[in-house]
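K.L.:
As a plain string of letters, each chain reads:
There are 2 protein chains.
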Amino acid sequence: MSVKSRTGAGRRFVLKPIGIVHSPFREPTDIPRDMNRLPRAFTKVRGALEIFPEYAEGLKDVGAFSHLIVTFAFHKSTGAKLLSKPPGETRFRGVFSTRSPHRPNALGLTVVKLASRKENILAVSGIDMVEGTPILDIKPYTARDRKSGIRTGWIRGRRVPAPPRANR
Amino acid sequence: MSVKSRTGAGRRFVLKPIGIVHSPFREPTDIPRDMNRLPRAFTKVRGALEIFPEYAEGLKDVGAFSHLIVTFAFHKSTGAKLLSKPPGETRFRGVFSTRSPHRPNALGLTVVKLASRKENILAVSGIDMVEGTPILDIKPYTARDRKSGIRTGWIRGRRVPAPPRANR
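In order, the protein sequences belong to chains H and D.
The first sequence: position 35 = 34 (numbering that gives the first Met the number 0), numbered continuously.
The second sequence: position 71 = 70 (numbering that gives the first Met the number 0), numbered continuously.
Isolated chain H, as found in the complex (with noise of 0.2 angstroms):
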């Protein structure tokens, strides 16, 4: 029997949006592709997370997280490719190892910083998806999702300096 059989490669998964996203940005073309490599870029850009009503009871006690894991769905992505040119890279790189909305499963991932709550509306900054992009999932950002002495390839090719004590 096969790893494939044994597990259920051969499982599908089907997902419904839970919400949208509202965005400054009308389309993937809104977004200067110079701001990707920034760390800092997108964290004034606010926006909101509208949960659909029938979702909102499960937004109980998000209030008192900072911060949220938003997983979405590249709506507007046009197809898997394995390999692909990062913006401002030269080199292909495996889509792995990139945020590339042209993924075998086409899923967006975003930490955005929580503002307030309004029943089903939370008003979010660190925005980098399109306006009407599919929530699927939000999820608490927790010390365990905080790491240290990281490494980011390619991005910049060496440690990431701790942020200065200041935005802390």
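The set of hints was computed from the structure by calculation and includes no laboratory data.
Fair warning: there could be bad hints in the mix.
[As the list claims (entries may be wrong)] Listed next, the stretches of chain H that the computed footprint assigns to chain D, with coverage defined by at least 3 CB atoms under 8 angstroms from CB atoms of chain D:
1. 49-61
2. 66-76
3. 91-99
4. 103-110
5. 133-146
All C-beta atoms in this analysis are idealised placements derived from N, C-alpha and C, irrespective of residue type, glycine included.
With chain H fixed as given, assemble chain D onto it according to the hints.
P.N.:
Using the frame of chain H, we list chain D on its own:
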């Protein structure tokens, strides 16, 4: 026109596994419930991410990153609950403020530390998934995913201190 029809809330996204997790935990019950409350409890739990050969080309360059974000399917989830009682808690919490497997879309997310890569197998630590968990995506963990000054709500109810210098 409602927001939902305008933005395609009726849309469905079909995902297929790109690999599976190899873990020392055979079943969810093998994971001590208290472990989830300790930020470093899983740090030394070793396992592997087996990426199916047809996606292996996409692993190019991942070896240059210290940490990877693994999105997976909670394939043993028995359905969504909008409110649930996390391990050791006495109160019901909104599902989007928890990492519960019983979510509207049963997506899990864990940041693992990459030890080595051998072809389509990534040796990692920080495993909190069970053996055979279907992997849906792998992304590089970048400086933008590392947030400072976080508040983690009911999990601690106060700011998480920066890790000690020796661990950076």
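K.L.:
What hint numbers does the structure not satisfy?
P.N.:
Failing hints: none at all.
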